[in-house]
Amino acid sequence: MTNLPVSFWRSLIIIVLVALTTLATRAIPFILFPNGKKIPKAVEYLGKVLPPAVIGMLVVYCFKSVSIIESPFGLPEFIAGAVVVLLHLWKRNNLLSIGTGTVLYMVLIQYVFV
Amino acid sequence: MTGYLFIGIAFGVMFADKGYNFLWAGLMSALVYAGSGQYLAVNFFDPSVSLLQVVFLTFMVNVRHIFYGLSLLDKFKVSGKKKPYMIFSLTDETYSLYFLTKTPPDVDEGKFLFALSTLDQSYWIIGSMIGGVAGSLIPFDSTGIDFAMTALFIVIFVEQWLEKKNRFPAIVGVIASLISLLAFGKDSFILPAMIIIMIVLLSNHRIEEKKNKTGEVEKND
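In order, the protein sequences belong to chains A and B.
Be aware that the first sequence starts at 1, since it is given in this note's numbering, and climbs by one per residue.
Be aware that the second sequence starts at 1, since it is given in this note's numbering, and climbs by one per residue.
Hints are computed from structural coordinates only; laboratory data are not their basis.
Please note that a few of the clues may not be correct.
Within a straight-line C-alpha distance of at most 30 Å, the following computed DSBU-like cross-link-like pairs (lysine-lysine) qualify [said to hold, decoys possible]:
1) Lys18/B - Lys48/A
2) Lys64/A - Lys210/B
3) Lys48/A - Lys164/B
4) Lys75/B - Lys37/A
5) Lys102/B - Lys38/A
6) Lys111/B - Lys77/B
7) Lys37/A - Lys83/B
8) Lys41/A - Lys213/B
9) Lys186/B - Lys38/A
10) Lys41/A - Lys165/B
11) Lys75/B - Lys64/A
12) Lys186/B - Lys37/A
13) Lys164/B - Lys38/A
14) Lys83/B - Lys91/A
15) Lys186/B - Lys41/A
16) Lys82/B - Lys48/A
17) Lys213/B - Lys64/A
18) Lys41/A - Lys18/B
19) Lys81/B - Lys64/A
20) Lys83/B - Lys64/A
21) Lys83/B - Lys41/A
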């Protein structure tokens, strides 16, 4: 435990805070709508359409620091991203798509676009 | 499910890079259990990040769980005593598994869902500990390994895209986020993006409902 960037106790506090905050985001709907309580129509609709919208948002979130103006113009990200899409459409295998895309990206930024 | 093993390993390696060994990685994966949340959290172990920021950023990246819960209110009614764990373990991967896999006809659904979620978390904890050991033992350049998270979201996006009914909300999500990113910059675009998404989707819901109503009236005439 010698080379931690922050103290041992602070590290534990951070983990507990992240755990509690994460749990809160998961528990809120079940606290608001316990078994048997009627769910409003608009909320029901949001439950259906929000997951794809939020994943779309998270994809953008992952690419937020990519600059298309400066070299390498986001090429490693877009090449690796496109490979993940095509490979997944072809094989529909989560592990294969994620693994190949990640290794390819690492090779691209460490050796190709240095 | 094995997807979790890989992104778990990636998390363990990233955390080891920061100076935290496999025990820390295992502890965090047991207590927090969140893919993107833990990737993001690796950056919190820095003197420049305040505890308030830890809570706020964690909330922002995980706020989508609220919407997962909303669509599982019904399904979890059968879970009884296991319900607290089911809620705790509601991750992207587990959530999508609930919709990809069907409970076999001779198996109790509550038990089946519980088995899925515990197995998923075991993969996650084991993966992150393997990554933690590998990261501290084998000195290799892990730059770019965080792309595993991007790849995971792309895979989920593609899976959802294949279902036609998801395409409209998916497009709304991407475009609203891009507009918000251009307008507010990369450090503060998530909240405005979420507000735009909610407004667009809810107004679409209203328009659809009105259409349905007028459609019914016309039929009655």
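Verification of the hints:
| no. | hint | in the structure |
| --- | --- | --- |
| 1 | Lys18/B - Lys48/A | 38 Å, violated |
| 2 | Lys64/A - Lys210/B | 37 Å, violated |
| 3 | Lys48/A - Lys164/B | 13 Å, holds |
| 4 | Lys75/B - Lys37/A | 14 Å, holds |
| 5 | Lys102/B - Lys38/A | 26 Å, holds |
| 6 | Lys111/B - Lys77/B | 12 Å, holds |
| 7 | Lys37/A - Lys83/B | 16 Å, holds |
| 8 | Lys41/A - Lys213/B | 15 Å, holds |
| 9 | Lys186/B - Lys38/A | 38 Å, violated |
| 10 | Lys41/A - Lys165/B | 18 Å, holds |
| 11 | Lys75/B - Lys64/A | 35 Å, violated |
| 12 | Lys186/B - Lys37/A | 39 Å, violated |
| 13 | Lys164/B - Lys38/A | 28 Å, holds |
| 14 | Lys83/B - Lys91/A | 34 Å, violated |
| 15 | Lys186/B - Lys41/A | 34 Å, violated |
| 16 | Lys82/B - Lys48/A | 24 Å, holds |
| 17 | Lys213/B - Lys64/A | 41 Å, violated |
| 18 | Lys41/A - Lys18/B | 46 Å, violated |
| 19 | Lys81/B - Lys64/A | 41 Å, violated |
| 20 | Lys83/B - Lys64/A | 36 Å, violated |
| 21 | Lys83/B - Lys41/A | 24 Å, holds |
Checked against the numbered hints above, the structure breaks hints 1, 2, 9, 11, 12, 14, 15, 17, 18, 19 and 20 and satisfies the rest.
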